[in-house]
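**Q** As they're listed, the protein sequences go chains A and B. Residue numbering for the first sequence follows the numbering used here, starting at 1 and increasing by one per position. Residue numbering for the second sequence follows the numbering used here, starting at 1 and increasing by one per position.
These are calculated hints, taken from the structure and not from any lab test. In this text the structure is predicted, and so the values were computed from the model without any measurement. Hints may be right or wrong, so weigh each one.
Heads up, the list lumps identical chains together, so a pair's fine if it works in one copy or across two of them.
Derived pair list, reagent style DSSO-like, types lysine-lysine, alpha-carbon separation capped at 27 Å [stated by the list, open to error]:
hint	residue 1	residue 2
1	K242	K335
2	K335	K239
3	K372	K135
4	K135	K9
5	K135	K13
6	K13	K239
7	K242	K13
8	K335	K13
9	K335	K372
Protein chains: 2
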Amino acid sequence: MSGHENKNKMGLKQALAAVQQGLCSAEEIIADCFDRIEAREADVGAWQHRLTREECLDQYRCNREFYEQSLLKGMPVGIKDIIDTADMPTEMGSPIHQGRRPVDDASCVTLLREAGAIVLGKTVTTEFAYFRPGKTANPHDLERTPGGSSSGSAAAVADEMVPVALGSQTAASVIRPAAYCGTVGYVGSRGEFSLRGIQPLGQSLDSLGLFSRRVEDIELLRAVLLRQRDPLNSASALKPSKVLLCSGPAIGETSPEMIAAIRQVEAILVEQGVEVIAPDLGTWLGDLVVHHGCIMAYEASRNLAYESRFPEQLSEPLHALIETGLATSRDDYLKSLHAAEEIRQRLFSEFAGVDAILAPAAPGAAPEGRDKTGAPHMSRPWQVMGLPVVTLPGLMDDNQLPLGIQLVGQARDDDRLLSMARWLESCLSS
Amino acid sequence: MSGHENKNKMGLKQALAAVQQGLCSAEEIIADCFDRIEAREADVGAWQHRLTREECLDQYRCNREFYEQSLLKGMPVGIKDIIDTADMPTEMGSPIHQGRRPVDDASCVTLLREAGAIVLGKTVTTEFAYFRPGKTANPHDLERTPGGSSSGSAAAVADEMVPVALGSQTAASVIRPAAYCGTVGYVGSRGEFSLRGIQPLGQSLDSLGLFSRRVEDIELLRAVLLRQRDPLNSASALKPSKVLLCSGPAIGETSPEMIAAIRQVEAILVEQGVEVIAPDLGTWLGDLVVHHGCIMAYEASRNLAYESRFPEQLSEPLHALIETGLATSRDDYLKSLHAAEEIRQRLFSEFAGVDAILAPAAPGAAPEGRDKTGAPHMSRPWQVMGLPVVTLPGLMDDNQLPLGIQLVGQARDDDRLLSMARWLESCLSS
């Protein structure tokens with residue numbers, strides 16, 4: 001690691017190793033992250049609120065001994081502004097909560113800080129993690145959306161402002177921005193992490209999510225968030241034996257470039273000796289998209305009870321979501337919950353030998369325009385079944401825009417899924 | 001309703017009807033609740049923080065028009081001090097959070113206030129809704145525990161200080177104090193309510209709970225919390241066709257008085273023409289008790305990440321819970337989650353025609369001494385399966401202490417369960 005390279009480009013584990021080996025200091029990495037932010041933030045707009053360079057370096061220097069002895073060595077992280085922080089505002093992308101300052105850190109923030117991460121700032125979220133975009137641009141093309149709702153976290157990691165960031169997903173809020181921005185994205189199984197201090201949208205759907213540029217960094221953060229005893233010790237990369245391929249159209253609109261990308265990954269898998277099946281799943285996935293929408297509307301209208309007092313401060317789509325939720329009958333809501341669980345059970349019993357599902361992480365590359373965040377349908381089926389998902393970057397369209405794919409695992413089988421994602425990552429980058 | 005009666009004795013719906021009919025005013029009811037609190041609070045100790053009589057009446061008078069037109073007419077409610085309130089401290093029974101003042105109301109608080117309830121105060125909780133008791137006494141015998149963790153809510157409702165109160169349950173925190181104090185208690189199915197702003201202990205276990213003196217009041221509050229269109233309109237009481245009886249010993253220690261009480265309810269059911277079965281469930285229920293404990297320890301140790309920094313300010317049992325959780329292997333945790341779901345499915349497929357399960361709500365009457373809150377085993381099996389439960393009062397032991405029974409429904413079948421509970425309530429009181 002020479003003094004000339006930009007140390008903000010390193011992944012988290014790579015940076016920790018460099019610090020450990022004395023190749024560079026944590027302060028140099030922090031300084032390079034700020035160089036990058038200062039050069040790019042006016043264009044990218046990833047941050048809602050952040051420390052200044054001086055505040056961040058002061059925080060490091062005032063607690064140098066702690067950071068030096070810590071696991072994460074003072075490495076900077078971004079936190080989606082839907083996640084509470086006691087030392088910075090948490091405004092949830094809404095004027096209703098302008099200047100809101102929580103009294104507690106969310107538990108995920110507590111755990112990262114305790115492991116030695118420095119919260120560099122809060123990243124832009126769409127309004128309450130739903131549709132209305134913030135100011136963030138796609139680092140690959142500033143006229144395109146970064147995707148939502150974890151827009152700022154995806155853009156900050158993709159643009160090498162920070163090595164890792166936290167997000168959350170109720171529909172497609174991690175997987176889609178990771179795909180559009182070309183980062184790794186991970187959504188934990190339902191129930192996997194403590195969601196204390198994360199604004200809920202749908203209690204049957206919400207998951208914590210993580211962004212990084214390498215799968216190994218997700219594994220490290222995950223271990224920290226689960227308070228595992230030896231967070232640096234991850235399992236070997238795992239080649240799946242059998243993968244179920246879903247090229248996209250069975251879920252919804254899919255671009256030809258995305259279908260070609262999925263076929264390219266299929267060819268890599270087959271070449272590596274992985275059995276790939278592409279059964280006709282009938283209407284299951286399309287049905288799950290509908291059930292997801294029903295559950296989300298019903299639950300959001302209860303979770304956002306406070307905010308629905310201020311209709312004039314809500315975007316039209318969010319207002320419509322709440323109205324739809326209030327008009328949804330309890331019977332329809334329960335039917336959707338029941339149907340999603342039934343399809344999940346049938347899927348994994350009918351295809352019992354499948355190790356993972358491969359599908360597009362988004363309908364295509366990031367669409368033009370920053371007034372929308374792209375369509376969420378590619379994530380809805382897995383999210384309503386509570387499954388863990390990893391977005392992998394590496395493929396591009398003709399405009400050199402990222403085309404993200406996703407690997408989906410069985411419920412609560414997150415560790416094995418990440419081992420398989422790490423294996424596939426190495427295939428895609430070689 | 002003559003001027004001489006104590007208006008605090010009325011149930012919520014009864015009070016609303018009296019106000020509606022001009023038999024008394026909301027202010028008179030509030031005043032009588034304060035008379036009761038002032039007479040009894042020094043002994044019972046239900047409140048952690050509360051409005052003064054003047055503050056409460058001012059709140060009513062300054063918004064008289066709103067309250068008069070509202071559904072709940074300014075009726076006072078108690079809120080367990082694990083649930084965030086923006087206008088009062090929320091200290092969660094721990095010195096770590098002394099004076100903690102959240103920036104937002106929990107969504108359940110928002111919805112009650114919006115419907116016209118006045119939050120009279122915060123009720124005593126055990127430390128983080130676990131074992132260490134607060135100051136509350138059992139109103140039926142001040143030397144006995146009110147049960148925990150929703151100790152203050154149960155005692156305040158039982159002692160007629162307020163008609164209704166909110167609680168929460170991760171193990172037995174609503175069902176047991178309701179049983180010991182002789183109130184109705186209700187725990188919603190997993191996922192039923194928005195838990196925004198309620199301190200989590202175990203994300204796979206936590207439920208919102210309600211206390212009242214009549215089942216109909218639970219139904220009204222539930223409708224408000226679900227934003228139902230016509231909250232006063234509840235279904236007819238429903239006689240179950242078939243009830244599965246669990247007398248207690250298959251779960252754990254059960255007092256002879258409690259077994260006799262359950263037999264008494266069985267006799268009533270049979271007399272009413274209900275089919276009662278009492279099959280041998282083998283080790284299912286005992287196994288569920290163990291699985292519940294494993295999941296609770298694992299998840300609590302992640303949810304209380306912040307608090308585990310302050311071991312000297314934690315009680316010994318809570319510290320031990322966190323240590324147990326950190327020492328629990330992920331495999332064991334996942335096995336417990338899986339086993340609980342498997343038993344749930346087998347139970348309801350093997351006994352498909354059963355409308356409800358009848359069991360003791362606690363091992364017996366409230367034990368002597370206020371240093372412990374009683375054993376939680378009677379609730380663990382249902383809680384780990386995510387089922388809705390109602391505690392019904394009405395039975396007494398030889399010392400005139402309440403013996404609570406519980407009626408358990410299928411997951412998400414809360415409305416039907418409450419209709420059956422209302423039917424059984426009428427049998428027990430006649």
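**Q** Work down the list of hints and note, for each, if the structure agrees.
**A** Outcome of the hint check:
no., hint, verdict
1, K242 - K335, "between (32 Å within a copy, 24 Å between copies)"
2, K335 - K239, "between (37 Å within a copy, 25 Å between copies)"
3, K372 - K135, "within (11 Å within a copy, 54 Å between copies)"
4, K135 - K9, "within (24 Å within a copy, 56 Å between copies)"
5, K135 - K13, "neither (30 Å within a copy, 49 Å between copies)"
6, K13 - K239, "within (22 Å within a copy, 62 Å between copies)"
7, K242 - K13, "neither (30 Å within a copy, 59 Å between copies)"
8, K335 - K13, "neither (44 Å within a copy, 31 Å between copies)"
9, K335 - K372, "neither (30 Å within a copy, 42 Å between copies)"
Going through the hint list in order, the structure does not satisfy hints 5, 7, 8 and 9.
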